[in-house]
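Protein chains: 2
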Amino acid sequence: MKYVFGIDVGGTSVKIGFLNEQGELLDRFSVLTDTSNHGDNILFDIANAIKAFIKEKNINETDILGFGFGLPGPVHNDFVVRCPNLGWDSVFMPEAFSAAYGKSVHVKATNDATAAAVGEYWQQEMNDDMVFFTLGTGVGGGIVINHKGVDGVHGAGAELGHIRVEHKHPIACTCGLDGCLETVASIRGVVGITRRLIKENKLETTLYDSDKLNPKVIFDAAKNNDPLALEVVEEVADYMGLACATIAVTVDPKIFLIGGGISNAGSILTTAIQKHYLKYAHFGVKDARFELAKLGNDAGMYGAAYLIISDNQ
Amino acid sequence: MKYVFGIDVGGTSVKIGFLNEQGELLDRFSVLTDTSNHGDNILFDIANAIKAFIKEKNINETDILGFGFGLPGPVHNDFVVRCPNLGWDSVFMPEAFSAAYGKSVHVKATNDATAAAVGEYWQQEMNDDMVFFTLGTGVGGGIVINHKGVDGVHGAGAELGHIRVEHKHPIACTCGLDGCLETVASIRGVVGITRRLIKENKLETTLYDSDKLNPKVIFDAAKNNDPLALEVVEEVADYMGLACATIAVTVDPKIFLIGGGISNAGSILTTAIQKHYLKYAHFGVKDARFELAKLGNDAGMYGAAYLIISDNQ
Chain P
1 MKYVFGIDVG GTSVKIGFLN EQGELLDRFS VLTDTSNHGD NILFDIANAI
51 KAFIKEKNIN ETDILGFGFG LPGPVHNDFV VRCPNLGWDS VFMPEAFSAA
101 YGKSVHVKAT NDATAAAVGE YWQQEMNDDM VFFTLGTGVG GGIVINHKGV
151 DGVHGAGAEL GHIRVEHKHP IACTCGLDGC LETVASIRGV VGITRRLIKE
201 NKLETTLYDS DKLNPKVIFD AAKNNDPLAL EVVEEVADYM GLACATIAVT
251 VDPKIFLIGG GISNAGSILT TAIQKHYLKY AHFGVKDARF ELAKLGNDAG
301 MYGAAYLIIS DNQ
Chain C
1 MKYVFGIDVG GTSVKIGFLN EQGELLDRFS VLTDTSNHGD NILFDIANAI
51 KAFIKEKNIN ETDILGFGFG LPGPVHNDFV VRCPNLGWDS VFMPEAFSAA
101 YGKSVHVKAT NDATAAAVGE YWQQEMNDDM VFFTLGTGVG GGIVINHKGV
151 DGVHGAGAEL GHIRVEHKHP IACTCGLDGC LETVASIRGV VGITRRLIKE
201 NKLETTLYDS DKLNPKVIFD AAKNNDPLAL EVVEEVADYM GLACATIAVT
251 VDPKIFLIGG GISNAGSILT TAIQKHYLKY AHFGVKDARF ELAKLGNDAG
301 MYGAAYLIIS DNQ
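Those sequence lines, one after another, are chains P and C. First residue of the first sequence? That's 1 in our numbering, and the numbers climb one at a time after it. First residue of the second sequence? That's 1 in our numbering, and the numbers climb one at a time after it.
A portion of the hints provided could be inaccurate.
Listed below are the simulated DSSO-like cross-link pairs for lysine-lysine, each with C-alpha atoms no more than 30 Å apart in a straight line [said to hold, decoys possible]:
| # | chain 1 | residue 1 | chain 2 | residue 2 |
| --- | --- | --- | --- | --- |
| 1 | P | Lys279 | C | Lys2 |
| 2 | P | Lys168 | C | Lys279 |
| 3 | P | Lys168 | C | Lys199 |
| 4 | C | Lys2 | C | Lys148 |
With the C-beta cut set under 7 Å, the calculated list includes, among others, these residues of chain C facing chain P [what the hints assert, rightly or not]:
| # | residue |
| --- | --- |
| 5 | Glu24 |
| 6 | Gln124 |
| 7 | Asp128 |
| 8 | Ala156 |
| 9 | Glu159 |
| 10 | Cys175 |
| 11 | Val249 |
| 12 | Lys254 |
| 13 | Leu278 |
No lab work stands behind these hints: they were computed from the structure. All C-beta atoms, glycine included, are put in the ideal place defined by N, C-alpha and C.
Generate the whole structure from the sequences, applying the supplied hints.
Structure follows, in structure tokens:
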């Protein structure tokens, strides 16, 4: 039996999965992310944790196929352009992790949202091209074409949060542009739309503006037929539908998979996105499917592992 | 020496190229496209012309690697969804062309704009992901990722003419939607913008509205610093820049290649597109390059041949 490690590096902690070739998660552990000193310790901490695990479990090093990484920044051909959350700049992962591990090992890396896309694709046994959204603090994405994640030449492949969807009253985005999908479909975006509608005071609602206003509260109200909350769902879904219609005439996937915290809204969201998508979609792509992601926060760890497994197939 | 045939099927004629493995075009010929009887004769006419050529040139059949096709409609995995210009519906090319040829032969097929993209990519010896636009009667496109054209699951990959770029005053598109890139960046689109500006009568110009108004006249005027014609270039380039910025955060290519009749405008157009692109582009993708296609109407024939050559590598 051969094994892989799938490593999802976040700004707070690193999730490490130990999987067999068939994709079964056999064990898991995590280390805290030490962002001191430009994040120089992170790979050493990961290597040490893995070496301790291997020793404890008495695993034969020759049975390890390699180490896949999902990283919070743009990655292209295993080269990390930058990871502001980690303090990293220009890191070639095969070299850097081999140095931390103390010997030359097989390493693959991709962006964390792309890793999540690949993880869902693999674990849900999809065979057709797929586009994944993660709607959370930000809006990220991953695109899988011909069974591979699309990194893009600058590692900016599937930076879907920065598709421009609002042209009439664009809101400034953290990226420096305005009108980006992230400004309306992230947690901040959903709450922002809700606050605007509460202020406009045209729709009945049980919601009121407070620090506690969050997507869960809003989508729960929508499920209870709160008119204002239902309008929030429609607005978010309209922007998502427009973005998906644009993506559909670009890469033409079979499935749009919706993940991230906001996807906890469930089918009320995917159903609404599909409705608005059909308004904007080219006749040739109208039967694209909209589904919910299933792996939650583990998707990136699975996808990171799959980078190694698919590389060995 | 091994050979391939690259076959670009258009609504009026079929261009057939005879190439060696190195991509050199050794000979070429064409047949008229017989669209009678739902286009049932087309593949037989092509097969007969090729068989006559092979006989005449005394080519050994075993030296032929295969037959690549570029077709005017959506194609996925060598399956033609439909080609309205040919009268075709649901044709599996390997089977259909083998039947016409009289024996089982190696056949690959893709959409004609995707074939053109692949042809430019191959002949210009590109190595990085690339997005190609053909701006002509319509607006088509092709995307090359990891050295392969992106068909999309419905064969609608890179239907870039139907990215929505005009939200304020959208014009109806032939596809049934409105605001599509094709409504403003095709021949009809460029002439339409010019007519609108002439009617508005705010800018000096040597242009006047007539049946002879066409992109060449307009872009020639722009090169002579005609204020209205320069504004046409800016408007078209603004829409193109927005579309490219969206594509850049989706597949993140190194090069945007501009082809089709309108690209005869030359660098005045690519320079303007890049200027507007920089306005809309995410910070991570600003150094994408904008270049002119080089193969003109032969791109599809080359790309069709490359489908076979890349399949044999």
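Status of the hints after comparison with the structure:
no.: 1; hint: Lys279/P with Lys2/C; verdict: violated, 49 Å
no.: 2; hint: Lys168/P with Lys279/C; verdict: holds, 16 Å
no.: 3; hint: Lys168/P with Lys199/C; verdict: holds, 25 Å
no.: 4; hint: Lys2/C with Lys148/C; verdict: holds, 21 Å
no.: 5; hint: Glu24; verdict: violated, 29 Å
no.: 6; hint: Gln124; verdict: violated, 16 Å
no.: 7; hint: Asp128; verdict: holds, 5 Å
no.: 8; hint: Ala156; verdict: holds, 4 Å
no.: 9; hint: Glu159; verdict: holds, 4 Å
no.: 10; hint: Cys175; verdict: holds, 6 Å
no.: 11; hint: Val249; verdict: holds, 4 Å
no.: 12; hint: Lys254; verdict: holds, 4 Å
no.: 13; hint: Leu278; verdict: violated, 11 Å
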